[in-house]
Every structure is written in structure tokens, then in C-alpha cells.
Amino acid sequence: NAGVTQTPKFQVLKTGQSMTLQCAQDMNHNSMYWYRQDPGMGLRLIYYSASEGTTDKGEVPNGYNVSRLNKREFSLRLESAAPSQTSVYFCASSEGGDRGYTFGSGTRLTVV
Amino acid sequence: EDQVTQSPEALRLQEGESSSLNCSYTVSGLRGLFWYRQDPGKGPEFLFTLYSAGEEKEKERLKATLTKKESFLHITAPKPEDSATYLCAVQAAGGYNKLIFGAGTRLAVHP
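In the order they appear, the protein sequences are chains E and S. Residue numbering for the first sequence follows the working numbering, starting at 1 and increasing by one per position. Residue numbering for the second sequence follows the working numbering, starting at 113 and increasing by one per position.
Some hints could be false.
Claimed, not checked - Now the in silico label distances, taken between C-beta atoms and shown as ranges:
| hint | chain 1 | residue 1 | chain 2 | residue 2 | range |
| --- | --- | --- | --- | --- | --- |
| 1 | E | Ser84 | S | Phe158 | 39 to 47 Å |
| 2 | E | Thr15 | S | Ala189 | 43 to 51 Å |
| 3 | E | Val12 | S | Arg218 | 24 to 32 Å |
| 4 | S | Glu168 | E | Glu59 | 39 to 47 Å |
| 5 | S | Gln115 | E | Gly63 | 21 to 29 Å |
| 6 | S | Lys180 | E | Glu59 | 21 to 29 Å |
| 7 | S | Arg173 | E | Met41 | 24 to 32 Å |
| 8 | E | Thr15 | S | Glu170 | 43 to 51 Å |
| 9 | S | Ser132 | E | Thr15 | 40 to 48 Å |
| 10 | E | Gly40 | S | His222 | 22 to 30 Å |
| 11 | E | Lys9 | S | Ala220 | 24 to 32 Å |
| 12 | S | Gly166 | E | Gly63 | 41 to 49 Å |
| 13 | S | Lys169 | E | Val12 | 36 to 44 Å |
Note that these hints are calculated values from the structure, not bench results. Even for Gly, the Cβ is constructed at its ideal location relative to N, Cα and C.
Pulled out of the complex, with its shape left as it was, chain E reads as follows (with noise of 0.2 Å):
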């Protein structure tokens, strides 16, 4: 099984471009999340998925959106990226329960 597998590995954008940053999950999972992280901040909730159909913000919303395509997927777009957005993005996916979350490897985006 793959897990959680984020697309692509690593960005660089100018100031005011968009991107998509795409996640799937293998293990059947009903909720997916993306978070961020940034030095000494820990990890910071962005945008939440329930359950197919369903999307809720999380801690930091702010210049980001999502889309849950079906129940394997759910990306992450920014419209017009800004320096602030510099950071590590991790989806994560569950279903409760003891095992918490199953992440993906990170992708590293640097907004210049």
C-alpha cells in the first residue's frame, strides 16, 4: 500500500501565481486534512474533509481553497501565492479511531 501520496515533492513560485497541490490516499479513509508546517509553529490545520462532499476550514484558511474530488482525493490550490505561504504542506487522511492520522511525505513550497 502506498499510503498518502502528495504531489509534487518540492515548488518554487513567484509572488502572485497559482498551483495545485494534489493528494491521494489508498486506504479507503473518509476524512483528509492538509495541514502546514512551519519552524516552531508545529503543525497548523488548513482545510478539513469529513467525509466526500464535505469540506470545512481549519485553523488557517486564508488564501487557500480545496477540493475533495471523490473519496481518494483531496487538493489543495493557492490562487495567487505569497511569500508567507512558504512551507512545508502535508495531507493527512484517517478514520478515527487509535491509529490517528496516516500523512504523506511533505511538499516544500518557497514563494519568491
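Starting from the known structure of chain E, arrange chain S on it as the hints suggest.
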């Protein structure tokens, strides 16, 4: 406001030197407390879930404990391969599986 604070930020140990990492939390009803390990350039990997005060879980050289205000990750006789960042997270009652993470403790174990 739900909050998780981890200490210390960084810890350097000699191989075999046991120590503990702390996770203090404030949450409106704890559903679960999670420990993860994160290696450089990778996503966090699940270690333990604790649900109630007094609960303990062990895995190899690691033991996690829980009180009503904090959790400890005890590392016994660590080896260099235990070097990683250890993350603590809480799930609040009614928070629909959302986890709130601490900033982590960077552990370096030297031979």
C-alpha cells in the same frame, strides 16, 4: 482555546542516557492524545494514542504516559536511530478527529 506545548524544544543525549519529553495540554474535553515521530524530510509517523489519565503505552525504548494536564514520552537507553522530532497532538471532544499539534521536540542521540 485548545493548546499544546512541548518541552524542551531540543534535546541532546548520549547513547544510553535516558530522558523524558514533556507535552502539556489545555483542551476542552480530551478525546485522545497522540505521539508521532518525524524524521527529516518526511511526514510524521504514528507512535501511540492515550485516552485517559494513568494510561501507559510502550514500544521498544519508548514509553508514553498521561496525566490530566500533560503527557511524557520516556526514552530508555536511547540509540542514535532514535534521533528525530517527536510531536504531540490532542484531539478534543467534539473536534471531529481534528488534531491540534505542539511544535515538537528535536531529539539528537550521539554515539
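Is 21 to 29 Å a correct range for the gap between the Cβ atoms of Gln115/S and Gly63/E? 24 Å, holds
Is 40 to 48 Å right for how far apart the beta carbons of Ser132/S and Thr15/E are? 44 Å, holds
Does the Cβ distance between Lys9/E and Ala220/S fall inside 24 to 32 Å? Cβ of Lys9/E to Cβ of Ala220/S: about 25 Å, so the range 24 to 32 Å holds.
Does the Cβ-Cβ separation between Lys180/S and Glu59/E fall within 21 to 29 Å? 25 Å Cβ-Cβ, so the 21 to 29 Å window holds.
Cβ distance range 39 to 47 Å for Ser84/E and Phe158/S, holds or violated: Between Ser84/E and Phe158/S, where Cβ atoms are some 30 Å apart, the hint is violated.
Go ahead and decide if the range 43 to 51 Å is satisfied by the Cβ distance of Thr15/E to Ala189/S. 50 Å, holds
Verify the CB-CB distance for Thr15/E and Glu170/S against the hinted window 43 to 51 Å. 49 Å, holds
I want to verify a distance hint. Is the separation of the beta carbons of Glu168/S and Glu59/E within 39 to 47 Å? 30 Å, violated
Are Arg173/S and Met41/E spaced within 24 to 32 Å by their CB atoms? Once the Cβ atoms are compared, 28 Å apart, the range 24 to 32 Å for Met41/E and Arg173/S holds.
If I claimed the Cβ atoms of Val12/E and Arg218/S lie 24 to 32 Å apart, would that claim hold in this structure? 26 Å, holds
Gly166/S paired with Gly63/E, Cβ distance criterion 41 to 49 Å: 43 Å, holds
Could one say that the CB atoms of Gly40/E and His222/S fall in the range 22 to 30 Å? Because 23 Å falls inside the window, the suggested range holds.
When the structure is compared with the earlier hints, violations turn up for hints 1 and 4 and for no others.
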